[in-house]
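Trainee: Please take these sequences and the hints and turn them into a complete structure.
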Amino acid sequence: MPFLSFKGGIYFTIVAVMLFLTRIFIGKVANQKEEVIFVYTCHMCMFIALFLIAFIPHNITFLLSAALSGYVFRGIELALQSMAVSIAPPQRRGAVNSTFLCAYDMGIGLGGGIAGVLIDMIGYNYMFAIIAIANILSILIYIAIGQKHPSSLTYRLKMQKEKQA
Numbered sequence: 006m007p008f009l010s011f012k013g014g015i016y017f018t019i020v021a022v023m024l025f026l027t028r029i030f031i032g033k034v035a036n037q038k039e040e041v042i043f044v045y046t047c048h049m050c051m052f053i054a055l056f057l058i059a060f061i062p063h064n065i066t067f068l069l070s071a072a073l074s075g076y077v078f079r080g081i082e083l084a085l086q087s088m089a090v091s092i093a094p095p096q097r098r099g100a101v102n103s104t105f106l107c108a109y110d111m112g113i114g115l116g117g118g119i120a121g122v123l124i125d126m127i128g129y130n131y132m133f134a135i136i137a138i139a140n141i142l143s144i145l146i147y148i149a150i151g152q153k154h155p156s157s158l159t160y161r162l163k164m165q166k167e168k169q170a
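Counting in the working numbering, the sequence shown runs from 6 upward without gaps.
Be careful, since some hints might not be right.
Said to hold, decoys possible - Straight-line Cα separation of at most 27 Å, BS3-like style, residue types lysine-lysine; simulated pairs: (1) 153 to 163; (2) 153 to 166; (3) 168 to 153.
Keep in mind the hints are simulated off the structure, nothing from the lab.
Mentor: If you want it as structure tokens, here you go:
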């Protein structure tokens with residue numbers, strides 16, 4: 006069976022199904038649990054999805070990459086959106102939510118543009134590899150800054166434990 010990489014429709018259909026399923030099954034968890042669970046699992050899954058596409062081109066890895074990407078895009082969005090809205094006063098939550106979604110969309114658009122330039126310069130495989138490395142940098146930024154920010158549920162729970170002790 007030939008490699009399905011030319012079948013973008015199949016890839017994005019699987020991504021869409023996973024976006025939907027992720028929203029149904031983990032949406033409430035993202036609002037009730039620490040976002041760190043999703044930040045780490047989503048980044049790990051995105052690294053794997055990019056690595057599979059870059060270095061192990063096969064029908065199964067293509068489909069697995071699509072499924073992982075769908076989980077990642079919904080899971081990370083829910084976690085980060087929860088962080089953004091959680092510290093906003095009730096009367097500002099709409100504005101915070103709108104600002105978050107605009108920034109999220111701009112990041113996706115900018116990332117797509119950068120990916121396009123990288124494809125022209127070095128090809129698809131290396132572009133995916135570079136984005137996988139950027140994904141690791143994102144985890145490090147979250148560890149250094151995000152997890153210690155008052156918007157992080159992890160941070161707030163830690164502060165509550167310290168107050169109780």
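Trainee: With reference to the structure, classify each hint as holding or not holding.
Mentor: Quick rundown of the hints versus the structure:
no.	hint	verdict
1	153 to 163	10 Å, holds
2	153 to 166	15 Å, holds
3	168 to 153	16 Å, holds
In this structure, every one of the numbered hints holds.
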